[in-house]
Amino acid sequence: MMRLFVTEVDRGLSRRLVRVLMLVGLCGLLVVGVVAFVGAEDRDPAEQARAALVDSCDYQPEYRAECVAQVPSAEELRVDDPEFVLVNDNRPHLTELWPDDDAREAGVTNGFFLATAIIFLMVAVVLGASLVGADYSSRSIETLLTWEPRRIRVALAKLLAAGVVAFALYLVFLLVQTLVLLPSLLVFGTTEGADSEWFAHLLAMVGQTGALVAGFAIAGGAVALFARNTGGAIGVFLPISWASRSWCGA
Amino acid sequence: MRVIEVEQLRKEYRSLTGRKTVAVAGLDLSVPEGGVFGFLGPNGSGKTTTIRCLLGLVRPSAGRSRVLGADSQRHLGSVISRVGAIVETPAFYPNCSGRRNLGFLASLRGISDERVDAVLERVGLGDRGRDPFRAYSLGMKQRLGLAAALLQDPDVLLLDEPANGLDPAGIVEIRELIRSLGEEGRTVFVSSHLLGEVQQMCDRVAILNHGQCIAQGTVDEVLASGGAAQLVVRVDEPERAREVLERAGIPATPEQEHLVVDLSGTDGARVSRALAEAGLYPHELSPRQVDLETVFLRLTEGDTSG
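Chains as they are written, first to last, in the numbering used here: chain D, 2 to 251; chain H, 1432 to 1737.
There's no promise every hint is true.
[Stated by the list, open to error] Here are the computed distance ranges between Cβ atoms for each label pair:
| id | chain 1 | residue 1 | chain 2 | residue 2 | range |
| --- | --- | --- | --- | --- | --- |
| 1 | D | 11 | H | 1505 | 21 to 31 Å |
| 2 | D | 20 | H | 1490 | 54 to 64 Å |
| 3 | H | 1451 | D | 152 | 19 to 29 Å |
[Claimed, not checked] Anything over 12 Å on all C-beta distances counts as not near chain D; from chain H, calculated:
| id | residue |
| --- | --- |
| 4 | 1634 |
| 5 | 1677 |
| 6 | 1708 |
| 7 | 1714 |
| 8 | 1720 |
It should be emphasised that the hints constitute simulated quantities derived from the structure, not laboratory data. Ideal placement from N, C-alpha and C gives every residue a C-beta, glycine not left out.
Turn these sequences into a full structure, and let the hints guide you.
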């Protein structure tokens, strides 16, 4: 059973679909990393807030000089309107990977890992359905059954492998995503709010969504196993995976 | 020891409209250990379904089948490592190379890469092993299927039309390979409609028609069951020779420029003597061998379609 499972994982990782998905995903992540780096701000948040106020004077060109003269200094803003300063803090935050409640209250609105998780729920369905369904469309299941006629073992190994492959790919993507965001975080960013509670939250969310990703891959594979094709499984589970994005806390 | 046993095997398929098709209708089959066993039958006679039942790929409607003593439906897993098989056109992962496909199977049993290379070499795919399976011709797919069947060095091989799609040179090659596998002491169960090939490589045969076995035994036994041998007689006066033979109680049939004598109940010496006594000296007396094709067509009443 173990050999069968390992072989199925090996076969899953050798699939062209997996390689194409990884290539597209990695290219996408690279773009995210570049955009994050180019668009990152390293100015003091109070300075950014003041600059935002100065920019807003552009809407009244005839009174622009008076308007700019009335904009408070960065120090005044920091003391008098900390919330406005928070809202205008555009430095990359480590907590943006997956903001917890505290980070959201502190104005962190992006959630890079969260976006990846939602995309991966759908990718997992396609992956699971394809890993199992391709065996039927290519008829290679018959060849396999002449080597291992115990169908329940074969089905379990395939579904388990689909779950493990999806989970492993998900973790790889999160790791790559961290690596591509690292330059902007190191050069411009801040670890403000990234305390032990946030790390615990991050690990919990990654674990929870990882389990969901594996579960969706297994479910997609299970439907493909019964339908004996890939398309049916994707048709059934893709809408469900989209609807279930709230399970990721989105 | 009986390596393959089939008892009253029956397989019916039902369509969505409830229409019933009987693929195998109470088949009995017994394959002894060692040698090459040919499984013949017209298209749709149930050969592939029988092999599928033997491999547990389909569940029979009735009856039972055993391979190496293990029930095909329940205990095949315990002997499957001693069985190699090809069912119809071998199917593998199209985007992986032939070698990689064999590698997946090899890893199921912990078989080494050297063994993978050795079987690829043995089936003549040594230099094409790294090409993707989708780029293979039908003949190459058959060879890869054969390589997969040989990979775990099995005692029993179930080969469904292994020469399908091969060119004449490839057919000879595969025939010699199958023959050598049988001589190594393995039991090779091979279905085919290439009767000349079967006759050349098989020790025993079974002929299937409408899902039932209509002849089974050694090739000689089956040939004998298909009718007596005949003698071709070439003589200067064929019509007078026919009359002479008739008078001697030897029925002869004119055929083009010669006579054909049915050897049931007589022999060549008696034919020769009867003609010589009448002053007729044949310049050719040659046996006409009944081949498997003739027997096959006689037994299946000519309803082969390919």
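Violations among the numbered hints: 2
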